[in-house]
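Asker: Sequence:
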Amino acid sequence: MELLRKLEILADAAKYDASCASSGTEMRDSRDGKGLGSTAPGMGICHSYAPDGRCISLLKILLTNACNFDCLYCVNRASSNVARARFTVDEVVKLTIDFYRRNYIEGLFLSSGIIRSPDYTMEQVVSVARKLREEHRFRGYIHLKTIPEADEALIAEAGKYADRLSINIETPLEASLTRLAPEKDQRAIRRTMGRLRLKLDETAEAKKTMRRAKPPRFAPAGQSTQMIVGADEANDRTILSTSANLYGAYKLKRVYYSAFSPIPDASRALPLQAPPLVREHRLYQADWLMRFYGFDADEIVEESEGMLPLDIDPKLAWALRHRNRFPLDINTASREELLRVPGFGTRTVQRILSTRRSTTIRFADLAQLNVIRNKALPFIVLSDHRPSPSLLDGASLRARLQPKPQQLGFGF
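Per our numbering, the very first residue in the sequence shown carries number 43; after that it's consecutive.
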């Protein structure tokens, strides 16, 4: 099979894996003339944007879409009637180097179907990273998808060459994974996540204690995972509780949410329709609240409801349920309180805290502070603004703050 045809098949087969954006890796460059490529702290990778607004891309492919496993939700499952292809290790290395030199990409995201055995597959994936790093001195970004059932030594070697490792937990409920992907074991996945965390902790500790010798390198951008949304009966509260547990237990950098997409010749055990994409969007917003705004998973979604509202964002939904905590005087409220005000982002809160040290914040200052005024004003008090009780307590507040429908155009 021609290399171009392989690339067409295996790039398309990789599109369902969302856990390929990254940040936080170590600084590397090739200005010394001894290597190829570079990374920069804080840069986003693949279908994501860097802090300076640049769109960063990488070669996102599978080593092969042939697979011994028959996961019902996967288009590349063993029983699926799709075109199959397989790269050799040297082909992936050549594609990565050629694409980088043409300025198409800034790194590699490599995953694979399971062929022969988990150990064999993982060995092939690691061989790609090893050749890029050792033979071609490639210093760009590498993200490897790890195989949970593979030997621990292979996963440790993967961390030596990769910037980030990820293992997909697939579904929030263990029972769902057993039903939809009988060859996979969520306990094995979590065990591997635990081993990765131990290695990451050991590396972090070595950096603190080793003064002269260089500490061993292990996946400096950490580990991530992905959950499928809508393939089983798990509600949003369950999904977020699982995410909170993963963040706490394994120090994951990110949990990615991928809306289930119906596939050809699907099993009757799967839903006939995909969940609304806005549900995936709301889960990402809720995930952000847990990671950066101090919210617990249990308070984001009401136990009686189980699902996030689709028409408003989860922070606004929380504020509407807890109107007794508002309005807040932004000149005296704590950082933790300010982070819960609708329309206030983390940077906005930091600007407020900095500004009020030297002056009293007034209504006219909100524009400079980048406050979303129409969303925030019902919940805050300023020296020259106080919302009327009838507005904050009124039944119409939700409708007033709900985004207005927009007519889509054709773009021309």
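In short, the hints are calculated from the structure, not lab data. Watch out, some of these pointers could steer you wrong.
[To be verified] Ranges between beta-carbon positions, derived for each pair:
no.: 1; residue 1: ARG179; residue 2: THR397; range: 22 to 30 Å
no.: 2; residue 1: LYS202; residue 2: PHE111; range: 38 to 46 Å
no.: 3; residue 1: ASN416; residue 2: GLU247; range: 29 to 37 Å
no.: 4; residue 1: PRO257; residue 2: ARG229; range: 38 to 46 Å
no.: 5; residue 1: ARG158; residue 2: PHE334; range: 40 to 48 Å
no.: 6; residue 1: ALA246; residue 2: PRO304; range: 19 to 27 Å
no.: 7; residue 1: ASP140; residue 2: PHE405; range: 52 to 60 Å
no.: 8; residue 1: GLY436; residue 2: VAL124; range: 49 to 57 Å
no.: 9; residue 1: ALA53; residue 2: PRO306; range: 17 to 25 Å
[Claimed, not checked] Taking lysine-lysine and the BS3-like style, the derived pairs with C-alpha atoms no more than 25 Å apart in a straight line are:
no.: 10; residue 1: LYS249; residue 2: LYS293
no.: 11; residue 1: LYS256; residue 2: LYS226
no.: 12; residue 1: LYS202; residue 2: LYS256
no.: 13; residue 1: LYS249; residue 2: LYS226
no.: 14; residue 1: LYS173; residue 2: LYS250
no.: 15; residue 1: LYS250; residue 2: LYS226
no.: 16; residue 1: LYS173; residue 2: LYS293
no.: 17; residue 1: LYS226; residue 2: LYS173
no.: 18; residue 1: LYS241; residue 2: LYS202
no.: 19; residue 1: LYS57; residue 2: LYS226
no.: 20; residue 1: LYS202; residue 2: LYS250
no.: 21; residue 1: LYS293; residue 2: LYS256
no.: 22; residue 1: LYS173; residue 2: LYS202
no.: 23; residue 1: LYS249; residue 2: LYS202
no.: 24; residue 1: LYS256; residue 2: LYS241
no.: 25; residue 1: LYS202; residue 2: LYS293
From the three backbone atoms N, C-alpha and C, an ideal C-beta is built for every residue, glycine too.
Asker: For each hint, tell me whether it holds in the structure or not.
Answerer: Each hint tested on the structure:
1. ARG179 x THR397: 22 to 30 Å: violated, 48 Å
2. LYS202 x PHE111: 38 to 46 Å: violated, 27 Å
3. ASN416 x GLU247: 29 to 37 Å: Given a distance of about 48 Å, which is not inside 29 to 37 Å, the answer is violated.
4. PRO257 x ARG229: 38 to 46 Å: violated, 31 Å
5. ARG158 x PHE334: 40 to 48 Å: At roughly 42 Å between Cβ atoms, PHE334 and ARG158 fall inside 40 to 48 Å, so the hint holds.
6. ALA246 x PRO304: 19 to 27 Å: At roughly 42 Å between Cβ atoms, PRO304 and ALA246 fall outside 19 to 27 Å, so the hint is violated.
7. ASP140 x PHE405: 52 to 60 Å: Holds - the Cβ-Cβ distance for ASP140 and PHE405, about 57 Å, lies within 52 to 60 Å.
8. GLY436 x VAL124: 49 to 57 Å: The hinted range 49 to 57 Å holds for GLY436 and VAL124, with Cβ atoms some 54 Å apart.
9. ALA53 x PRO306: 17 to 25 Å: holds, 19 Å
10. LYS249 x LYS293: holds, 18 Å
11. LYS256 x LYS226: violated, 37 Å
12. LYS202 x LYS256: OK: LYS202 and LYS256 at ~13 Å, within 25 Å.
13. LYS249 x LYS226: violated, 35 Å
14. LYS173 x LYS250: violated, 30 Å
15. LYS250 x LYS226: Not satisfied, since the Cα-Cα distance of roughly 37 Å exceeds 25 Å.
16. LYS173 x LYS293: Status violated; Cα separation ~29 Å.
17. LYS226 x LYS173: Not satisfied, since the Cα-Cα distance of roughly 29 Å exceeds 25 Å.
18. LYS241 x LYS202: holds, 11 Å
19. LYS57 x LYS226: holds, 21 Å
20. LYS202 x LYS250: Given pair LYS202, LYS250 holds - Cα atoms ~19 Å apart, limit 25 Å.
21. LYS293 x LYS256: Distance ~24 Å between LYS293 and LYS256 Cα, so the pair holds.
22. LYS173 x LYS202: It holds: about 12 Å lies between the C-alpha atoms, which stays within 25 Å.
23. LYS249 x LYS202: holds, 15 Å
24. LYS256 x LYS241: holds, 16 Å
25. LYS202 x LYS293: With Cα atoms ~19 Å apart, LYS202 and LYS293 stay inside 25 Å; holds.
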